[in-house]
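J.: Using the sequences plus the hints, can you model the full thing?
Here are the chains, one letter per residue:
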Amino acid sequence: MTTPKHIPFSEDTSAHKLMLPWSRAVEICWRNVLNRRGRFLLIFISIAVVVAFFVSTLAYQAVLAELRRSDEVPIRAALEQANLLTHDDAGDRNQRDRTIWLLTLSGMLCFVGVCNTMYMSVSERFREIGTLKCLGALDGFIIRLFLIESVFVGVVGSALGALAGVLLMLLQLVMLLEIEYISGIMLLRTLSVSVPAAIAGGTLLTVMAAIYPTRAAAKMKPVDAMRVEV
Amino acid sequence: MEERREIVHTQDVTKVYTMGSEEVHALRGITCTIYSGEYISIMGPSGSGKSTFFNMVGGLDKPSAGEVYIDEVDIAQLGVYELAWLRCRKIGYIFQTFNLIMVMNAIENVSLPMIFAGLSADEARDKAAELLGLVGLGDRLTHRPVEMSGGQQQRVAIARALANDPAIILADEPTGNLDLRTGREIIELLTAMKEERGVTIITATHDHKMLAASDRVIWVTDGQISRIQKREELDIRVGSIEGAEE
Numbered sequence: 001m002t003t004p005k006h007i008p009f010s011e012d013t014s015a016h017k018l019m020l021p022w023s024r025a026v027e028i029c030w031r032n033v034l035n036r037r038g039r040f041l042l043i044f045i046s047i048a049v050v051v052a053f054f055v056s057t058l059a060y061q062a063v064l065a066e067l068r069r070s071d072e073v074p075i076r077a078a079l080e081q082a083n084l085l086t087h088d089d090a091g092d093r094n095q096r097d098r099t100i101w102l103l104t105l106s107g108m109l110c111f112v113g114v115c116n117t118m119y120m121s122v123s124e125r126f127r128e129i130g131t132l133k134c135l136g137a138l139d140g141f142i143i144r145l146f147l148i149e150s151v152f153v154g155v156v157g158s159a160l161g162a163l164a165g166v167l168l169m170l171l172q173l174v175m176l177l178e179i180e181y182i183s184g185i186m187l188l189r190t191l192s193v194s195v196p197a198a199i200a201g202g203t204l205l206t207v208m209a210a211i212y213p214t215r216a217a218a219k220m221k222p223v224d225a226m227r228v229e230v
Numbered sequence: 001m002e003e004r005r006e007i008v009h010t011q012d013v014t015k016v017y018t019m020g021s022e023e024v025h026a027l028r029g030i031t032c033t034i035y036s037g038e039y040i041s042i043m044g045p046s047g048s049g050k051s052t053f054f055n056m057v058g059g060l061d062k063p064s065a066g067e068v069y070i071d072e073v074d075i076a077q078l079g080v081y082e083l084a085w086l087r088c089r090k091i092g093y094i095f096q097t098f099n100l101i102m103v104m105n106a107i108e109n110v111s112l113p114m115i116f117a118g119l120s121a122d123e124a125r126d127k128a129a130e131l132l133g134l135v136g137l138g139d140r141l142t143h144r145p146v147e148m149s150g151g152q153q154q155r156v157a158i159a160r161a162l163a164n165d166p167a168i169i170l171a172d173e174p175t176g177n178l179d180l181r182t183g184r185e186i187i188e189l190l191t192a193m194k195e196e197r198g199v200t201i202i203t204a205t206h207d208h209k210m211l212a213a214s215d216r217v218i219w220v221t222d223g224q225i226s227r228i229q230k231r232e233e234l235d236i237r238v239g240s241i242e243g244a245e246e
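In order, the protein sequences belong to chains A and B.
When the letters of the first sequence are read in order and numbered with the numbering used here, they come out as residues 1 to 230.
When the letters of the second sequence are read in order and numbered with the numbering used here, they come out as residues 1 to 246.
The set of hints was computed from the structure by calculation and includes no laboratory data.
Treat the numbers as computed from the prediction; the structure is a model and nothing was measured.
Glycine included, each C-beta is placed from N, C-alpha and C at the ideal position.
Hints may be right or wrong, so weigh each one.
Rough simulated footprint, nothing fancy, chain B against chain A, three-plus residues with beta-carbon under 8 Å [as the list claims (entries may be wrong)]:
1) 126-135
2) 138-148
3) 191-202
4) 212-226
T.: Structure, rendered in structure tokens:
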């Protein structure tokens, strides 16, 4: 027998396609999330905690900055009383540096945590991935499935975290100042920036954490994927 | 047998794994031909290279040297896409552990390969229902794998393997996790599929119940084919085989 250079898939070349429609992919992911509630709850929490921390810190600083800019005497008096009205530039900078350092550190910790959780979540399903590949799934299908999943997880987890963060921030403010000084409009203005930013950031983080294990899983040979015992 | 089409042909297939600094020769040159419509059992002790050989035949692994032709196509020449296409359309897989997708019910499991192959959701559902009827699960269409017995799950897996009318069904220890009676039923079902649909069935197995159903048995020992027996030869020698194995 000679080695055929061209692949003689003799019959219908038109039926040579492989596909996974987005609607089906979303459906499969949704089922996965429902079916693995416990695991996903864990992922939601691990993302939410970090986003909550970010939102509360950032929004708190933003609201405080707004208040400091205010010319109204009662507000200034209240800030003064709460010892929040610093005129000390060096102290301000010091404070800001510390916050940035804290945020960076927690961001890195969070990234490691989310990476770990996503890796677990993918590696638990190596056998399933191997099965899908045996049924004719392309690497792209696998990546698509896990990408949808991680976007969903990221958005939900971040949204939960943002909500918690806002509540935390309000609590912090209320403990320092009288509630009447904090106007709704001002809150809305600061939160309309920090909340979407946090959700976008949290989602991006989750997707980034999911990319590596997903790619590794998708590239596995089906035999290897199915041999993995978890 | 002579006029039948060659569906699988292996030529001097060898496979070498490197484990640390050691080279393990899993296969030491296997040449054999499997014809369309045959029921083949690959038998051999653990570590004989049986599974490796089986994976080669199924396009799940590539040989270190030598060629594997499936339907006259050298699978080493295939790209990622064509290999996936081959697995989707030409080969149906059945596993020892059933490997159904746990989050999907029976009909969705069977539909999946058809969705990949580009069928519409409705077409896939209809055909999946038909196939499930064929394997005797017409009343279990919306059951999830956890709600089914091992035998029923393996039937779903058989229906799924048949989804895209493959030329070959590869079954890796299909009765390994089943009791005697259920195992026999699965073998009967595979035999029926072979006879009614003309599918080539290739199994890797330890199960001696499988021998009686097989047209030929390929014995693999130490990475080589030690003998190939036809069913006629087997029947006479069953006693000695049972004794010889393990």
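J.: Verify the coverage statement for the stretch 138-148 of chain A against chain B, using a C-beta to C-beta distance below 8 Å and requiring 3 or more qualifying residues.
T.: With 3 residues in contact (Cβ-Cβ under 8 Å with chain B), the coverage given for the stretch 138-148 of chain A holds.
J.: Within the assertion that chain B covers the stretch 126-135 of chain A, do at least three residues meet a Cβ-to-Cβ distance smaller than 8 Å?
T.: holds (count 8)
J.: Given that the stretch 212-226 of chain A was listed as covered by chain B, double-check it with a C-beta distance under 8 Å for 3 or more residues.
T.: holds (count 4)
J.: Please check whether the stretch 191-202 of chain A has three or more residues whose CB lies within less than 8 Å of a CB on chain B.
T.: violated (count 0)
Violated hint: 3 only; the structure is consistent with all others.
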